[in-house]
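All chains should be built: construct the whole structure from the sequences, respecting the hints.
There are 2 protein chains.
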Amino acid sequence: MEQLGKVYIVGAGPGPADLLTVKAHDCIKEADVILYDALISRDVRTLFPENAELIFVGKRAGDGVDVTERQNSIHHKIEKHAKQGKVVVRVKSGDPMIFSRGAEETSYLQEKNIPFEVVPGISAFNAASAEFGIPLTDRRGSNSLHLLSGRDVAGKLLSVKQLVSILENRGTAVIYMGTKVLEEIYEALDVVHRECIQATIVSRSGRWDAQKFKGTLQEMVSLNSETPVKTPALIYLRMEC
Amino acid sequence: MEQLGKVYIVGAGPGPADLLTVKAHDCIKEADVILYDALISRDVRTLFPENAELIFVGKRAGDGVDVTERQNSIHHKIEKHAKQGKVVVRVKSGDPMIFSRGAEETSYLQEKNIPFEVVPGISAFNAASAEFGIPLTDRRGSNSLHLLSGRDVAGKLLSVKQLVSILENRGTAVIYMGTKVLEEIYEALDVVHRECIQATIVSRSGRWDAQKFKGTLQEMVSLNSETPVKTPALIYLRMEC
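Which chain is which? The protein sequence lines are A and B, in order.
So for the first sequence, this note's numbering puts the first residue at 1; every next one is plus one.
So for the second sequence, this note's numbering puts the first residue at 1; every next one is plus one.
Keep in mind that the hints were calculated from the coordinates and are not lab data.
Wrong hints could be hidden among the right ones.
No copy is singled out in the list; a pair is fine if it fits within one copy or between any two copies.
What the hints assert, rightly or not - Cross-link-like lysine-lysine pairs, in silico, DSSO-like; alpha carbons within 27 Å at most: (1) K112 with K29; (2) K214 with K29; (3) K230 with K212; (4) K80 with K29; (5) K86 with K180; (6) K80 with K214; (7) K214 with K59; (8) K6 with K212; (9) K156 with K86; (10) K112 with K212; (11) K29 with K230; (12) K6 with K230; (13) K156 with K112; (14) K6 with K214.
Treat the numbers as computed from the prediction; the structure is a model and nothing was measured.
Shown next as structure tokens:
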């Protein structure tokens, strides 16, 4: 039986190569095979070693591939190369364990007894907070932080009841993939003092065209309905009165 | 008037130096003055340049210093050195914007018009998840992630109503500084099927003596009441039935 290789599930952070961890940087430099997504920046891709085999496994708009099928194909590619004794680096944007299907990849490797290690990464919500000075927790006001996605995998809107509970308890909510449902969320939030909700939208954090928009939730809804904010984008919400 | 220096509020991650970002590493290397906390690991401290002025600003057990007083004194020290034109690096464990008073430091610098930059870091919850393979979000089950602290700054227990809403909506809750109130939380959770709550406690993530304990919430309460888990520790909760 051949010697098994090792798989590194590596968080590449939000884009700039200097927001990789030193460990992620080292893993990439030692890779025999790299599997990477559409969101991996050019800045990070320039680190890929010349001799590594590079496999693009991202989604291309309109390619019609089913999400489960795509994910299974990634698992099989990782497995194949690991079984050839190679150092396989699976590069994912942000942190592999946050909205990123890292859990599916690690479960698969566990089942197949393939040695792996997860290298954490700076998630988009951290990076955007640092880039634009958006408080996450604050001893003076917000004591909790909540990461939600606009719709779940079945297409269901996030739980508005839960969002209300977060806001009423003075938590900070960060909504991933939420700009398309922003108006719907706003309408459903009519049970709280919506005029108190401060919203910050960060579009394309960590890139040259990063933008921040800040105002009341209502202002952000109007802005986004006139000219939809470019994705990927994050929405930060917090009660401020 | 003297030339103002620049302040970097840098996340040092959970402990190992290779979990710093490349940018954090570079900032530390160029520091004239470093202010650091008690939680900053020896591994990170070895990166501090020989010629930098090192200022320990952490809490020492039983020093009796009031938290606001300590924080103000940190602000004044940062300000003083920045006004001397120095590169001041404020090194904080984890990510500066998560349970770390980074927001207080950035507000102060903003008020005083002192140029600063926040460099994000790997937070303990990311690092422990990567180290011990704890899923955070998972397309197959958990669609949201919630960071709470066991008690707020006024000593109030986290909102159990909110925790129930998180668990019932199949989110993952991560409780910082929660082992001392674990039993209290357990008692208050009698409104849900407590036997369905899976708990993972990670103690001292990223250190040589890191430990993971996993079981039902009830099992974790018993374990922690017999031999209290060493801090800092994180508690991950999730409904699994």
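Here is what the structure says about each hint:
In the homo-oligomer, the alpha carbons of K112 and K29 lie at most 27 Å apart inside one protomer (26 Å), although the nearest pairing across protomers, at 42 Å, exceeds that limit. Neither within a single protomer nor between protomers do K214 and K29 lie at most 27 Å apart by alpha-carbon distance, with minima of 39 Å and 35 Å respectively. Taking the closest pair of Cα atoms, K230 and K212 come within 27 Å of each other only inside a single copy of the chain (11 Å); across copies the shortest separation is 40 Å, beyond that limit. Within a single copy, K80 and K29 get their C-alpha atoms as close as 21 Å, which meets the 27 Å cut-off; across copies the closest is 41 Å, which misses it.
For the identical chains of this complex, K86 and K180 are neighbours neither inside a copy (41 Å) nor across copies (45 Å), given an alpha-carbon limit of 27 Å. Proximity of K80 to K214 under the C-alpha cut-off of 27 Å is found in neither arrangement, the shortest distances being 47 Å within a copy and 32 Å between copies. Taking the closest pair of Cα atoms, K214 and K59 never come within 27 Å of each other, the shortest separation being 30 Å inside a single copy and 36 Å across copies. Taking the shortest alpha-carbon separations for K6 and K212, only the inter-copy value of 23 Å comes in at or below 27 Å, while the best intra-copy value is 40 Å.
In this assembly of identical chains, the alpha carbons of K156 and K86 never lie at most 27 Å apart, being 40 Å within a copy and 52 Å across copies at closest. Within a single copy, K112 and K212 get their C-alpha atoms only as close as 43 Å, which misses the 27 Å cut-off; across copies the closest is 23 Å, which meets it. Proximity of K29 to K230 under the C-alpha cut-off of 27 Å is found in neither arrangement, the shortest distances being 32 Å within a copy and 36 Å between copies. Taking the shortest alpha-carbon separations for K6 and K230, neither the intra-copy value of 37 Å nor the inter-copy value of 32 Å comes in at or below 27 Å.
Taking identical chains as interchangeable, the C-alpha atoms of K156 and K112 are never at most 27 Å apart, the minima being 32 Å within one chain and 46 Å between chains. In the homo-oligomer, the alpha carbons of K6 and K214 lie at most 27 Å apart only across protomers (26 Å), although the nearest pairing inside one protomer, at 44 Å, exceeds that limit.
In terms of the numbered hints stated before, the structure departs from hints 2, 5, 6, 7, 9, 11, 12 and 13, listed from lowest to highest.
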